[in-house]
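A.B. asks: Following the hints, complete the assembly by docking chain B onto the known chain A.
Line order of the protein sequences matches chains A and B. Count the first sequence with our numbering and you get residues 1 to 115, in order. Count the second sequence with our numbering and you get residues 116 to 231, in order.
None of these hints come from the bench; they were simulated from the model. Note that the structure is predicted; figures quoted are calculated from it, not measured. You may find that some hints are simply not true.
[What the hints assert, rightly or not] If you want the footprint, here are the derived chain B segments under chain A, 3+ residues with CB under 8 Å:
1. 147-160
2. 193-200
3. 217-224
Virtual Cβ for every residue (Gly too), placed ideally from N, Cα, C.
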Amino acid sequence: AQTVTQSQPEMSVQEAETVTLSCTYDTSENNYYLFWYKQPPSRQMILVIRQEAYKQQNATENRFSVNFQKAAKSFSLKISDSQLGDTAMYFCAFMKHTGANNLFFGTGTRLTVIP
Amino acid sequence: NAGVTQTPKFQVLKTGQSMTLQCAQDMNHEYMSWYRQDPGMGLRLIHYSVGAGITDQGEVPNGYNVSRSTTEDFPLRLLSAAPSQTSVYFCASSYSPTPASGSPLHFGNGTRLTVT
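Next comes chain A alone, as it looks inside the complex (with noise of 0.2 Å):
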């Protein structure tokens, strides 16, 4: 069984500063596949970034990248420049390289953006 643990439940950064949230995993799986989710107020689930684990490169959307540590079976999101639209849950999540698409969700880090 794959399970993620995301063991900040809130955080906080000022606007314009960089916060960097964590996130572990387990499974016996050499290949799988890793996301950040966001989830607003409006409740809407949008795709912030995803990793393959067979890609050593670390993933990057624009402001927001990570650090995927495979042997340590970590994966933090790092939010740059951080905006007051950042403000939002997010959820780290796993879904295996094979089988469904079926993903497994961390509890979640609230992140609130001070202006």
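C.D. replies: Leaving out everything else, chain B in the frame of chain A:
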């Protein structure tokens, strides 16, 4: 192109009542799934389908039924609602049913269900 449409947005049920949460997608996606979101627990998979006529159980299937008679629709049925089913329900779909293609999941906007 509406994406993934969930109806209703909100629903209040009494214990023992039945209802169906609707999910429809207009993107010809093979894969569809239902998740529930509870405070402090993230999203958990209820049921999923990799194509019309095929369904399977996720992590928390008890108390829920699904069917997939068409590619477009994937309704979630609560036969006898219980207070423990109070939650926010999300439907999600993707073009490919398997992860290797990199087909992203598209989520609906959720249904907030309260069972009293």
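A.B. asks: Are the hints correct? Go through all of them and say.
C.D. replies: Outcome of the hint check:
Three residues within the 8 Å Cβ limit are the bar, and the region 147-160 of chain B against chain A gives 8, so the coverage statement holds. Check on the region 193-200 of chain B: 0 of its residues sit with their Cβ under 8 Å from a Cβ of chain A, so the three-residue criterion for coverage is violated. Note: the region 217-224 of chain B has 6 residues with beta-carbon separation from chain A under 8 Å; the three-residue rule is met and the coverage holds.
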